[in-house]
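*Asks:* Sequence:
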Amino acid sequence: MPPHLYNNVRKGTAHKDGKNTINSPYLSQILDCNTTPRNYVNKFHNLLWLEEIQMAIDIQQYNMAGVAMTICQNMMRLEVPGLAEKRPLVLRGDRLYIYYSDKLSERTGYPEDQLIVAIGNLGLNIECEADEMRPRRNIRYEGIVHKIEREHVQLGVAAKLRRDWAPRQRYDVEFRISPFNMWVQHLAIEQAVNFMDLLFPVKPVSRPDQSHISLRTWFDRTLNPEQQTAVNKIVQGTSRPAPYIIFGPPGTGKTVTVTEAIKQVYSGYQDSRILVCCPENSAADTLMRKLLKDKPIMNADIFRMYALSRQPETLPAEIATTGQYNYDQLNACFFYPSVNTLMEYRIIVVTLMTAGRLVTGQFPTNHFTHIFIDEGGHAVEPECIVPITGLMDPRDTSRRAQLVIAGDPKQLGPIVRSAIARNVGLPVSLMERMMTDIDMYKSQPYDERYITKLIRNYRSHDSILEIPRRIFYDNQLEACGDSKVLNCMLDWDKFPVMFHSVFETEEREGDSPSWFNRLVSLWHLAIVITRGVMSVVPNFAVFVVNFKLFTTVEANAFTQF
45 MPPHLYNNVR KGTAHKDGKN TINSPYLSQI LDCNTTPRNY VNKFHNLLWL EEIQMAIDIQ
105 QYNMAGVAMT ICQNMMRLEV PGLAEKRPLV LRGDRLYIYY SDKLSERTGY PEDQLIVAIG
165 NLGLNIECEA DEMRPRRNIR YEGIVHKIER EHVQLGVAAK LRRDWAPRQR YDVEFRISPF
225 NMWVQHLAIE QAVNFMDLLF PVKPVSRPDQ SHISLRTWFD RTLNPEQQTA VNKIVQGTSR
285 PAPYIIFGPP GTGKTVTVTE AIKQVYSGYQ DSRILVCCPE NSAADTLMRK LLKDKPIMNA
345 DIFRMYALSR QPETLPAEIA TTGQYNYDQL NACFFYPSVN TLMEYRIIVV TLMTAGRLVT
405 GQFPTNHFTH IFIDEGGHAV EPECIVPITG LMDPRDTSRR AQLVIAGDPK QLGPIVRSAI
465 ARNVGLPVSL MERMMTDIDM YKSQPYDERY ITKLIRNYRS HDSILEIPRR IFYDNQLEAC
525 GDSKVLNCML DWDKFPVMFH SVFETEEREG DSPSWFNRLV SLWHLAIVIT RGVMSVVPNF
585 AVFVVNFKLF TTVEANAFTQ F
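As numbered in my numbering, residues 45 to 605 make up the sequence shown, in order.
Among these hints, one or two may not hold up.
Stated by the list, open to error - Below are the DSS-like pairs computed for lysine-lysine, each with C-alpha atoms no more than 25 Å apart in a straight line:
1. K486 - K454
2. K247 - K486
3. K130 - K204
4. K204 - K191
Said to hold, decoys possible - The calculated label-pair distances, taken between Cβ atoms and stated as ranges, are:
5. K454 - F244: 16 to 24 Å
6. E234 - R461: 38 to 46 Å
7. R82 - R184: 38 to 46 Å
8. Q314 - R184: 49 to 57 Å
9. P381 - N238: 21 to 29 Å
10. V111 - L352: 21 to 29 Å
Because the hints were derived from the structure by calculation, they are not lab data.
Even for Gly, the Cβ is constructed at its ideal location relative to N, Cα and C.
Could you build the full structure based on these sequences and the hints that come with them?
*Replies:* In C-alpha cells, the structure reads:
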C-alpha cells in the first residue's frame with residue numbers, strides 16, 4: 045500500500061448529502077473513471093486498499109482493555125462480547141494481539157493518528173516508527189484462534205503467557221483482519237494484466253459451427269427452453285474464449301441450470317476437469333448437494349474443499365456423510381490436501397477465496413477445462429477473478445478453461461465497507477460490468493451464444509412478481525410455478541403478503557454491540573399466519589421449518605427458533 049494513500053483518504057473526502065465523495069485530485073484521477081484495460085490494475089489495487097483501510101478502522105472498535113482470561117487446558121479462553129452477532133467476525137485461525145494491561149488503563153484501541161500502525165501490522169508495506177507508538181506494555185503476544193464458542197474463543201498462545209497467568213491479571217486485546225483474502229485478491233489483480241482479452245472480451249471474427257454437438261439425454265427433464273439453451277451453449281462452448289453468462293433472476297432455476305450444465309460436461313467429456321466456485325459457503329454447499337443427488341456424478345470424482353476456519357458441526361449432513369471433503373477425523377481439524385491429491389478429482393467445489401489456496405499452492409494452470417462461478421453477482425470483481433487469473437494459462441489461450449458465470453446483478457451485491465470505494469465502483473461485480481459495458485452481453489436482445497436470461501419464475505405468484513418484473517427485469521418474468529400452490533390463497537380476502545410491525549423495548553445483552561428486541565409477538569404472528577392459511581386451505585400443513593426469519597441481529601434467530 046502506498047504510504048500516502050491513508051492521508052489522502054483522511055484529507056481527500058467530503059461529505060455531501062450524507063455520502064462520502066472524493067475531494068482529492070489524486071484519488072479522483074485514479075478512481076472516478078470507467079474501468080478499462082489501461083487503468084484496470086491501478087484502479088482495483090487502490091479500491092482494495094481503500095477497503096483495507098476501512099476494515100482496519102472498523103475492527104478497532106472491538107478492541108478490549110483490561111479484560112480477564114482463563115486457562116483452558118493448554119489454551120487461554122477469552123470472552124468476546126458480540127461474537128454471536130459476528131461483530132467482530134472471528135474465524136478459526138485468526139490472530140489476535142495480546143498485551144499485559146494496566147488495570148486502570150482506559151485504552152480501547154489506537155487513537156486515530158496511530159491507525160497507520162494497525163494497518164502496518166496487517167503485513168502491508170507502511171514505514172513508521174512503530175516502537176514509539178505501541179501501547180505502554182510493549183510486550184506483544186499473538187493469540188491464534190483454535191476454537192470458537194458462542195461467546196468465547198480459545199486461543200493458542202506462547203507458553204510464557206500461560207505460565208504467567210494469574211486470576212487478577214488483566215489484558216488488552218486487539219483484533220486484526222486476516223490478510224490472506226486481501227493479499228490473494230491483490231495477486232489476482234496483478235496477474236490480470238495478462239487476461240485483458242478475457243476480462244474485456246469482444247465477439248470473435250469467426251468460429252467453427254458447433255451446433256452438431258448435442259446432449260445425449262437430460263438428467264433433469266424438467267428444464268424449460270431457456271435453461272436447456274444455456275446448458276446446450278455451455279456444452280458447445282459457443283462463447284469461447286469469452287465467458288458464458290447465465291442471468292438468473294430469483295426463482296428462475298439458475299442453480300438447477302448450473303447443476304445440469306456441470307453434469308453434462310462431466311458425462312460428455314471424459315477428460316473434463318471442473319472447478320465450481322461461489323462467494324459463500326452456503327451457496328457452495330447447495331451446489332455440492334445438488335451435484336451429489338442422482339446421477340451421473342460418482343462420489344469418488346467430486347470433492348468439497350473447505351477453508352481451515354470452517355466449523356465441522358456446520359457441515360450439511362448430505363456432505364458430511366460422503367467423506368468427500370478435507371477433514372482429518374483423527375486430528376479433528378480441516379487441512380489442505382496436496383496438489384497431487386486434488387488433481388485426482390474431476391470436480392472440486394470451493395469458495396472464491398478458498399480457490400486462492402489452489403493458486404498459492406501452485407496448482408497447474410489450465411488443469412481445469414471448465415470453471416463455473418455461481419452467484420457471481422455477489423462478489424466484487426477482484427474476488428471473482430482469483431480463480432481466473434490464478435488457474436488459467438495467460439499464454440496458451442486455446443487450452444484455457446471455459447468460464448461460466450451465473451447470477452443476478454439486479455439483486456443485492458457484495459458488501460463493501462469503504463464509503464469511498466462503494467461510490468466509485470467496488471461493489472460492481474464482474475458479471476454486472478460485463479452486462480453493462482461489453483456489447484456482446486447487452487440486451488439488444490441477448491445473444492444466446494454468450495448469455496441466456498432465465499425468465500420463468502417458479503417461486504412466486506404473478507402479483508408478487510409485478511413490481512420487480514417492471515422495475516428490474518424488462519417486464520419479462522413469467523409466473524410458472526405450480527398453480528395449486530400459487531393460487532391456493534385466492535379465496536382469501538387479503539393479499540397473501542403480510543407486513544407485521546413489532547413494537548418492543550430495545551435491549552442489549554451485557555457488552556454486546558447489537559441492540560435487539562425480544563419479538564415476543566413473533567410466535568403469535570406465526571399462529572395467525574398458520575390459522576389464516578388453514579382457514580382457506582384446510583389440508584395445507586404448516587411447520588416451523590416453513591418460516592423464514594430475517595433479522596439484523598443473529599441472536600434473535602437463536603432466541604426465537
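*Asks:* Can you name, in rising order, the numbers of the hints this structure does not satisfy?
*Replies:* 3 and 6
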